[in-house]
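Fit chain B to the known structure of chain A by using the hints.
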Amino acid sequence: GTSVVVYMVPQYSSIHIAAVVVSMFSTIICGFLFLLVVKRLPEHVQVDDPAVVKRLAKKLERQQIPLRSDYGYKVSLFSHLHQYSRKAPLTQLLSIPSTVIHPSIVRLGLQYSQGIVAGSNARSVALLHAFKQVIRDYTTPPNEELSRDLVNKLKPYISFLNQCRPLSASMGNAIKYIKKEISNIPSQCKEEEAKTKLLTCIDRYIEEKIVLAAKAISKYAIEKISDGDVILVYGYSSLVNNILCEAFEKSRKFRVIVVDSRPRLEGREALRRLVQRGISCTYVLISALSYILPEVSKVFLGAHALLANGYVMSRVGTSQIALVARTYNVPVLVCCETYKFCERVQTDSFVSNELDDPDDLMVTRKGKTQLENWQDVSSLGLLNLVYDVTPPDFVDLVITDLGMIPCTSVPVVLRVKNLDQ
Amino acid sequence: MPGADKEADLTERIEAFLADLKRGGCGTGPIRGSGETARETTALLRKVTAQARWSSAGDLMEIIRKEGRRMTAAQPSETTVGNMVLRVLKIIREEYARSRGSSEETDQQESLHKLLTSGGLSDENFRQHYVHLKANVIEAINELLTELEGTTDNIAMQALEHIHSNEVIMTVGRSRTVEAFLKDAARKRKFHVIVAECAPFCQGHEMATNLSKASIETTVIADAAIFAVMSRVNKVIIGTQTVLANGGLRAVNGTHTVALAARHHSTPLIVCAPMFKLSPQFPNEEDTFHKFVSPHEVLPFTEGEILSKVNVHCPVFDYVPPELITLFISNIGGNAPSYIYRLMSELYHPEDHDL
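Chains as they are written, first to last, in the UniProt record's numbering: chain A, 1 to 421; chain B, 1 to 355.
With a straight-line cut-off of 30 Å between C-alpha atoms, the simulated DSSO-like cross-links for lysine-lysine are: (1) A:176 <-> A:197; (2) B:291 <-> A:368; (3) A:366 <-> B:22; (4) B:309 <-> A:215; (5) A:219 <-> A:176; (6) B:213 <-> A:87; (7) A:215 <-> A:250; (8) B:309 <-> A:298; (9) A:366 <-> B:291; (10) A:153 <-> A:197; (11) A:153 <-> A:132; (12) B:183 <-> A:368; (13) A:219 <-> B:309; (14) A:74 <-> B:190; (15) A:366 <-> B:309; (16) A:224 <-> B:309; (17) B:183 <-> A:366; (18) A:155 <-> A:54; (19) A:366 <-> B:213; (20) A:153 <-> A:180.
What the hints contain is simulated information worked out from the structure, not anything from laboratory work.
Chain A extracted, bound-state conformation (with noise of 0.2 Å):
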C-alpha cells in the first residue's frame, strides 16, 4: 500500500508523509487482528527464548509454583524444547505445607512426572477426576462470583501440571471444556447447585467423549477385523486394547502381533492385559519389525492427536511401523476418539515434541554399562523423544466414534464440532 500511494504522489511531500503514517498504522492493525486471530505460540516449545523463560519465571513466581530446570546436554536440534529428568520431580520443590495448590493436583503432578499414569485417555480421566474433587472442596471467597473465581482457581494447577509434564492435546481440551462450563454457569445459581451441575457436566464428559466412543469405536472396528486376521499393534493403546478384548469376545478368530520399543517397552503391558482375555500373541522389539510384518494382514495403531492437517501424532515409533507397514502392502488403521482432534498443524517431529529423561536410554548389560558416564563427555548426547506425526499418506483409515474417515477429514470434523457448540 505504502509503495502504491508514494508512486502516485512523489512530489508532495506532506501528502507523502501522512500516506506512509496511514500504511504504518494499517499494518499495526493488521498485525494485532493477526494476533488475536492466530494462538499464540505454546511456551513449552521456546525454551531456547531467554524472554519467553523469564515470563513464564514470573508468572510461576506470582502464582508461587517452583520453576523446573532443564537436565543433561540438551542435543542442539532441540534446543527449543525442556528436558527433565524423572529423579527431580517438581513437587521436592515445593514448600510443605502448600496453600497455592489442591493436594489432589500435586498428587496428580507427581503421578504424571514419574510415568505412573501415562497414556492420553488416562490422563485425561486422571485430570478430571482430579478437577472433580477441586471442586467438591471448593468454597466461593466472599464478593466473588464462582464463574470467575473458580476458573482463576485453575489457572496455577494448570500451570504446575504443565511443568510436571506438557500437557497433552486431550487434556487441553478436556480443560477447555470445562473452563467454558464454568464461565456458563449463570450468577443467579446457588453454590450447591452450580457445584452439582459442574459435576454432573465431568461425568458426562467422560462418559460421552470416552467411554461411549471406545464403544462406538469397537463397533466399527469389530466389522474389519475377520477371521484367520493377524493383527500387529504397537506399544500400549487403551483403545486398541479395547477393540481386540471385545473383537475376541465376538468370537472372531484372530491373533495378534505385539511390537514394542525400548526404553519405554509399554509393549509388555499391552501382552500382559491380551494374554489374560486368552488371545494368542507374539512380542517382538521394533527392530524385528521387517522379519515379522509379512506375516501380518492389519495394522491397528493408537494416536495421542490427530493434527488438522491430517498427520496423526502418536507415539515415537508410529510412523516407522506405518512406512514399513505401506512398504509390505498391509493396511494401516487408525483409531482415534474425536475429542483428540487438535486444530494444530505440524509437518515434522522436531517443531513440537516432548524429550523425556535421557537416562532411560542407558541399559546394563552382561554387568557393564556403555553409556554410564555420558555426562562426563561433552560430545555425546542422547536422545529419549516421546512422540512422533506420521504422514497421511501412511494411514489408511481413521476410525472415530463419528465414523470411519480418512485422514484427511479432519478438519471437516473440527469444523463441525465447532458449529455444534
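Relative to the frame of chain A, chain B by itself:
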C-alpha cells in the same frame, strides 16, 4: 616323528578354530570381528597347504574343500569363512593355470561362443604335478593376508571423498569399518553423527562412546525414533555382515527400516563393506536365511507368568534389497550395487560356489 607332530598340531588348531566359531558367532555381536575371522581362516588354510600331504592341485583343492565344509558347518551364518575358502580355491586354480603356462585368460564363460565350442573345458582335472606350485600358492595366500590386513585402512582412506563439513550422518549398531571411516573423516572435518542403538543388544552405545571419544558430536537415539529424525539426516552410512550376490545385504536387524526411511526422504545409503564380505549366496525366502537367538533378550525371564503363553522372536539379521542401496565402499573403491555380480566373478570361480 616331526611329521606326525605337525599333523597333530594342525588338527588341533583346526579343532580349536571350529570350537571358537561355534561359540563366537552366538549373535550377541561377534566376539571376534569378521575381519579377524577372515584372517584366521586364511592363516589356517595356509597352514593346511603347507603341512598336508598332496601331490597335485586337485588333491589340495579336495583337502581345502573338505576343511572348508567343516568350517562352514560349524557356524553357517559366519559367511566370511566360506568366502575365504573360495578365495583360496580360486588362488589355487590361478596358480595352476599359470604353472601350466596357459595364458592368463579368464577361463570363465565369457562368451556364448566359448560355452558352445569348448565343451572340454571342464575336463581340466588338475592332476599335473608342478614343483613350485606349493611355494606359489603359499606366496599368493600371503598376499591375500596382506590385503586382508589393510582393508579397514583402505576403506577409511576414502572417507574424505564422501563426507563434507556440517553433515548429519546416521548409522546403525556397531561396525568397526564405519567407526574407522568416520574417525578418519573427523580428523579434518566437523560433522554430527546420530547412532541408532539397535535393540536388544544395544551395540550402538559402544559405537557412540567410541566416536565421542574421538571428539565427534554423537547422539544416541532409540530404534523407534529412526524415521522421526531421518528428515534431518544427510547421509546414512552402515556396515553389514554379508554382501549377497545380487547386491543385497544381510545386515543387523533394523537396517531394513533405516533403508526404507532413507529412501522415503531420498537420503543416500552408503554401505562400507570390505571385499571379503562378498558372498556368492543369493537371498532366499525360507527361514534358513534368518538366524535367531534366545528370546530372553527380548522378553526376560522375569516376566514369568506370560512367558509360556507367548511366542517371542529375536532375529539377528535383516535382508536389505539392492534397490535401496546407493553405494558400496570397499577396499577396492566405490561401486554401485548393480556391479557386485562382476566383482564376484573376479573373486570366486563359479564351479566352487557350492562347497
